[in-house]
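Line order of the protein sequences matches chains A and B.
So for the first sequence, our numbering puts the first residue at 1; every next one is plus one.
So for the second sequence, our numbering puts the first residue at 1; every next one is plus one.
These aren't lab readings, by the way, just hints derived from the structure by calculation.
Every residue gets a Cβ at the ideal spot worked out from N, C-alpha and C, and that includes glycine.
Covered by chain A, according to a simulated footprint, are these stretches of chain B (three or more residues, beta-carbon under 8 Å): (1) 320-329; (2) 334-345; (3) 358-364.
Straight line, CA to CA, 20 Å or less: simulated SDA-like cross-link-like pairs of lysine to any residue: (4) B/247 - B/257; (5) B/372 - A/36; (6) A/159 - A/91; (7) A/159 - A/149; (8) B/372 - A/29; (9) B/372 - A/57; (10) B/372 - A/32; (11) B/372 - A/33; (12) B/235 - B/225; (13) B/372 - A/58; (14) B/372 - A/59.
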Amino acid sequence: MSDHATMQAIARRVPQGARVLDLGCGDGALLDLLQRERGCSGYGIEIADANVLACVRRGVNVIQLNLDEGLAMFADNSFDVVLQIDTLQHLRNAEVMLRETARVGRSGIVAFPNFAHWPNRLSVLRGRMPVTRRLPYQWYDTPNIRVGTYKDFEVLAGKNKLRILDAFGLQDGREVRRLPNARAGTAVFHFEHD
Amino acid sequence: MSFIATPQSMHFAEALALQSGASIRDYTLAYETYGTLNADKSNAVLVCHALNASHHVAGVYEGQPKSEGWWDNMIGPGKPVDTNRFFVIGVNNLGSCFGSTGPMHTHPDTGEVYGADFPVVTVEDWVNAQARLLDCLGIEQLAAVMGGSLGGMQALSWTLQYPGRMRHAVVVASAPNLTAENIAFNEVARRAIVTDPDFHGGHFYRHGVIPKRGLRIARMIGHITYLSDDVMNEKFGRQLREGMQLKYSTQDIEFQIESYLRYQGDKFSEYFDANTYLLITRALDYFDPARQHGGSLTQALAAARARFLLVSFTTDWRFSPQRSREIVHALLENRRDVSYAEIDAPHGHDAFLLDDARYMGVVRSYFDSIAKEPT
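Put together the whole structure using the sequences plus the hints.
Below you can see the structure in the form of structure tokens.
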């Protein structure tokens, strides 16, 4: 999900000059954008060697860490915004990391592929797991260890007493605010903790 | 074949005050430089060495094709720290035995060889001595200070003692202090040396002997801790040195690993100074920047201004990734710029001296980004 329009849509949610922690920051493109265009500072967390290298090459701070080991290194409320962009589907315990995100950040932004997007539903109705641009993997060979829906996340956020500041879908780089659970390939939630 | 390196030396008449309260005067530092200092003197990189290394970081000596510097794979033209762009300085530390003033040299007050009377030097003292050398070379601010292991401790200490004198610090396979286990290994090595009958309380030079037995054992134990269990098993396993039959001897070499360790010990005892070994392991033991801050590394690192790159290796149990993470944590608490790579390499502590594409790649990329930034 590194296409420019999508990144811009996420970046718009991040306040100018914010201190950002990007969990699963990939090649550091989003942090780079936030630093250059929004005067942000912060760190990315990555486990993959190639991504760590790409971040270092860009001059983006990156810390090589397995998110499944938790965020013990980071103090409560030590960041303005904690990002989890296309990370949740790779984590063994997404709920623990959601709580950690809420603990470490004054606010959190989570984005992930919305499995309830209508083409996915159609595919399952036909009896097959979807293979789409957004979920391009075969069910038997995928880095995603779970799929979830926009609505599922609303329920999980409620269970963890997170206050949703904004929530919307993203499709082709555009915000989807009407029926996002059916009409958007990506779910985006901006939240804060009590 | 690497480039030709030329050792140089600088004499310092003026006394250097040491952390212990003692001082040292009329001392010499051996150093080497590679590459060219640019017009605004902004491209200098200081490389700090670890226990048994020296100022000979890269290149080979004229007519000695096998004399590569200890970090020749890392530093040189086109290498990760590219001497076509950076002016790299290697300095032999005070108390070492490769050209800088050490226990084997003459005490200017007594006219006798220092021996055991060489003052105890700390990481902080070395950094102060290196800073003086940079003054003489006309370098006000380094592009980066870097080092591995004990060298990494010096790089870290630089950022606290002279926060304005470098833009970046590269700290590889290092730690904010030694653990009890680590001090214990050093102590075993020191006892091996001190209890060697040829040690003579550190004044063995007068007796025309060298405590080689102690040095051999010190090196053997050190060497074990620099490797990983996996790599040792892979390299030696339970292989016998000769044939397939057990000799049922308690004193002969039976296993390959014994033969290897004895060889390493023998080699080391031929070139390394016993007093230097004591001094350098002590400097390792003493290093603990958090000590003056009630044990808080976060408070200690508040002084740092540099941007940091830290690298550790997963199988390094002497300077484990956890220790590097402590430094990363303290830097995060201070909101300093830091990147951290944890390289999944099998070679234990020694990995910091070896070729690993991911490790070399990260350092190369980091120095590429330094080269690109405005000064």
